[in-house]
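Both chains are given apart, each in its own frame, so use the hints to dock them into the complex.
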Amino acid sequence: MNRRAFLQTAGAFAALGAVPSIGRAQAKEVKLGYILPVTGPLAFEAHLSLNGLQLAVDEINNAGGIKALGGAKLALLPGDTQNKVELGNSEAARLIDQGISVLIGPFSSLVAYSVRQVAEKNKTPFMLLAAVADNLTEGGLRYVFRVQPNGKAMSTLTMNNMLEMGKAASTPIKRVAMMHEDGNFGTTMGNHVEAFGAKLGYAMVQRIPYSLKSPDFTAELSKVKASKPDLLVISGYYGDSKIIAETASKLRIGVHALVGLANAAYSNPKFIADNRELTEQLFDGNYWHNPQSPRAKAVFAAYEKRFNSTLTSHGVQAYTVIGVLKDALERAGSTDRDKLRDALSKTNLADHILPQDAIKFDDTGENVNATPALLQVQNGRPVVVGPARFAEAKPVFPVPKWHG
Amino acid sequence: MTADLLLQAVVSGLLLGGVYGLVASGLSLVFGVLRIINFAHGAVMMLAMYTTYWLFTLAGIDPYLSIVVTGPLFFLIGMVIQRVVIEPNRFAAEHNQLLLTLGLALFLENLALVLWQGDFRSVRPSYAGASFVVGEALVEVPRLIACGGAIVMALALFAFLRLTDVGKAIRALSEEPEGAMLMGIDVGRIRAVAFGIGAGCVAVAGALVTPFFYVAPDVGESFNIIAFVVVVLGGMGNFVGALLGGFIVGLAESLGATLLPGSLKQLVVFGLFVLVLLFRPAGLFGGGRDR
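First to last, the protein sequences are chains A and B.
Anchor point for the first sequence: position 233 equals 233 in my numbering, and the numbering is continuous, going up by one each time.
Converting from the second sequence to my numbering requires adding 1000 to each position, the first position being numbered 1.
FYI, nobody ran anything at the bench for these hints, they're computed from the structure.
Keep in mind that the hints are not guaranteed to be accurate.
[Claimed, not checked] Only part of the chain B face toward chain A is listed, based on derived beta-carbon distances under 7 Å:
| no. | residue |
| --- | --- |
| 1 | Glu-1140 |
| 2 | Ser-1222 |
| 3 | Gln-1266 |
Quantities reported herein were computed from a predicted structural model and do not represent experimental measurements.
Virtual Cβ for every residue (Gly too), placed ideally from N, Cα, C.
Isolated chain B, as found in the complex (with noise of 0.2 Å):
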């Protein structure tokens, strides 16, 4: 019997990681080319899940299809967001520029809460109630697609970054700054496709976690705290890290759960991340700067 619930516990810890992964993936990466943490990238992934619940409400659009629309839509406005918000303040002292996040994250809740209320709304479409059995351990099929789908996504974006000018030109940027605009790369044009790439990122997490969650102005938050903890597990600015780390902290999580009374769970995760900043201050895999 407890090794069915360790199984359980495998398989749900997986199965949510690669949807951390993918949202820390967004993160590291700003991090990497802006050297800013962005607190509003919760923020972000909420506007997108409600964008994916309207066009599911009203055009009747299939969420997973709405990445279509939601990816790209996501991409320009983080680069506007980091062309009117971010790119001002660039030469700002970094506590100044993470209060500029955290403050963009308070306006986009707070102007969720007024656009559409504290409801919390459901995107149901046929599927999201199929789920299947392997062994004696229950999977459903929306998380599993949410996890292909980060995976999915994390790989492009890894080989987009190692195989296209644009990508060569933002690993530049993240590793070396002033050598990269020495050679010539328009850094200003970077850092906002950066951004845009990181909100766009999340954005996709956003849509591929609706079928399974809630949408509502504070749900950006339950992922956020999440993903910080996954950036410094794998590394500020280190992207693969950052899916891996998804993996180990969703992993931790559940088998938490699974071992440990109450929710002492949360208590696992936060734990990791105290013991990685005492002992590996530069994440199990290594900073960004070091790959």
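Isolated chain A, as found in the complex (with noise of 0.2 Å):
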């Protein structure tokens, strides 16, 4: 063996033990290189689908890998991004030049509105986690893929499942306020319900932008309960969600429910644990698992039995989004990316835990299927109680509490 020789081979064993799966050196794999903030502000929520694709990785393995492609195994490459723009594209390049199939990440919206563009010019399929700005998916890109919903399905739907369950409480609802946060997330979400009520046919009495930062929101709340709506919608973060929340309640505010929209306070088994009287019979509408899948609960006892925690929203969304690879790798018969892309793009995947029809995805890479589940706060759970189909509970609306 002369020296060159030796040093790529040395160099090739060096590069193998930064993967996972370093004993099965000769067996095919898959590489599927994830950029996610596992250090930083955004950790804690970060291992949170980072746990939802490695538990999804090794079902896959231990049943055999990929059968089309000779039972190759799938291998996480891991990347971090510290949620920043910068070393989130810096890491996807390392990665893209390390082989990956598929590029999976980042979290935030901000962060992956610049990935993308790296994923397109090097033709490697991006599968979207967690990030929900509508824009993302904007721009004629050809290799994003979105499987959970975005801004936009988030609100309408959201609202949607509240008007029907008016409907069929015999109390529709007519006149909407709405809280967010004065942020990207929050403007958005009140841009698509203020826009969403022109069709639907609510108005919207109230709509009261406020900042995170903010103390005390008695005088905004005292606005939304003279404006005498029907429904008070909050897209907000945890700590603004809680106090907003508590002063409604001793306004008594008088509307017929308080719903959350993709908040990040009203359906966390934290928040709820530590406000009972509080939480119970809040509304919200949020990413969720289908409640009714038998495949769902096998997954939250597996991830049980592994983390020894419960299985989150964002472990669901990782889990899932590996199974829509699994699936189109084994419909591609190959590791390529392109071909892959194809594949992903004729996907028709109805075996998933999620709580909607098949995952499809449209020409822009979003899943034409993706909704939100509408939760309410029940004996201290959050329980899907909409779309019907998939309801684990009935309603409770209107919610008398908060009409003092």
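See below:
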């Protein structure tokens, strides 16, 4: 063995060391690259996604890998964005250089907006995780795919679910008030809820953007109360949403329901556990799994056993993305990025754990059937109350307690 | 109906204004004596809120009762911070001292993030939900207690500054540093005491708001920025001005929220800030030196 050959062999082994599946060096494998903010302010949430990816990958590998590729195993190649745009770009480029078939990530819409160009330029399929901004699939990109509902689907379908529920309860919803944080997320949601009103026939009687840092919302909520809405919709983060619900309760806000929209608190198990009385019968339109699916129950049990915690909606999304990729790889019969991209675009996957029909992508890469679940806290637990065919409990509507 | 809204705005504004006033008083005092703008003020408040949280969660100590522990504890912590971090840089350029306190703030926030993660925590004693109605305005009991507590604390501090020797020394140092030194005042000690009092004030404010707020590593920021506005409004180093400024800012915020659309209430507060800087740079009630 001459020196050059030795170095090449040594280099190859060193590179494999970075991959978790070192023992299977000879077997063919499919490299999946992920970029997530695994360190930094979003580290906790990023690990919820990462656990979901890991669970799905191991499940597939233990069941014999990708059959169309002779049992090739899936290998996850890590990238850390620290939630920074530049790192997202450089880590994506690095993983693409290492020969990944697909890029998964990167949690925040801001990073995703930039990374999608890197993926597009390198003709690498890019599966979005967690990022919701509507514009991520705009611009005629061919390689971007998103399984979860975007901001528009999230807000319009949640409002639709509420209106249907109102009709069913003979308490039609005519007047809607909305409070949302005044950043990109809340404003996008507010715009959709306002625009959708004209179509569905409700009036937006009060729309109040607010600063996350504000320590008091009594004046804002008094205004909401005075406008006599049927519904108060809230798109916000944890602390602000909490203070708003508390103040609304004390003001006897007089609405039929308080509804979170992609709210960070209202279906969050920790928030509910910390505020049992306050949270009871709160609604939230959010990402969720299909509670009717026996497979979902098995996945939750497997997750619980492995990570000693409850699978979250972030984990469900990540788990589902790997399932979509497996399906596409089986049909593509190749690890080639372009073939995988074409297979992804023809996805029609009914075997999944989401509360929706088959997963299919439109020309822009959005999942056409993506839908949020409508949740309500009942007996200290968020349960799915809509859409009706996925519901595990009947909604309590109107909610008497908000009328004081 | 509009009258009801206005009444509510005035009530909520005043209730929160008291807390703003107490937070700003500490900041103003530190500025008056040490001539530094303490960016770590909010971070100290955050630490005090965590202390209140842990005392309540682990030992079941009522958040208001815990002030007896938190106040003196943070007075001491403040003195240590001043001795170890601030004093060695006493003669450094002003912008360096500013950066020093900013660095301290970032350090403390990240320390809290490492120790307790980014989770939002809350303290909910049995009376947390208590409220009553005056006219048509809602008064939340915890907010009323916080405001009352802040006023009592501020008055006590005012009396302390007027009546005790240490208080007089603090005022002397604030008004005429060189003269104070010539009169034999132990300047180093008084500077540490003043910083300790500043930390104690904001710690008490932190304990007072915990029952109706949440605790998280960046929670101090909400109050810190407002406190700067209040201090400028009341006059840098003017202690009573800070308390009054707190009420003004609280009122401006809630009236802004009632009368203007959207998140313009923030605009009202910072608009006020810019106007005062333009037309009354010494503050509405004059700076500390011309009292």
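Status of the hints after comparison with the structure:
1. Glu-1140: This interface hint holds because 6 Å falls under the 7 Å limit.
2. Ser-1222: Interface hint status for Ser-1222 of chain B: holds (4 Å vs cutoff 7 Å).
3. Gln-1266: With a closest approach of 5 Å, the Gln-1266 of chain B hint holds.
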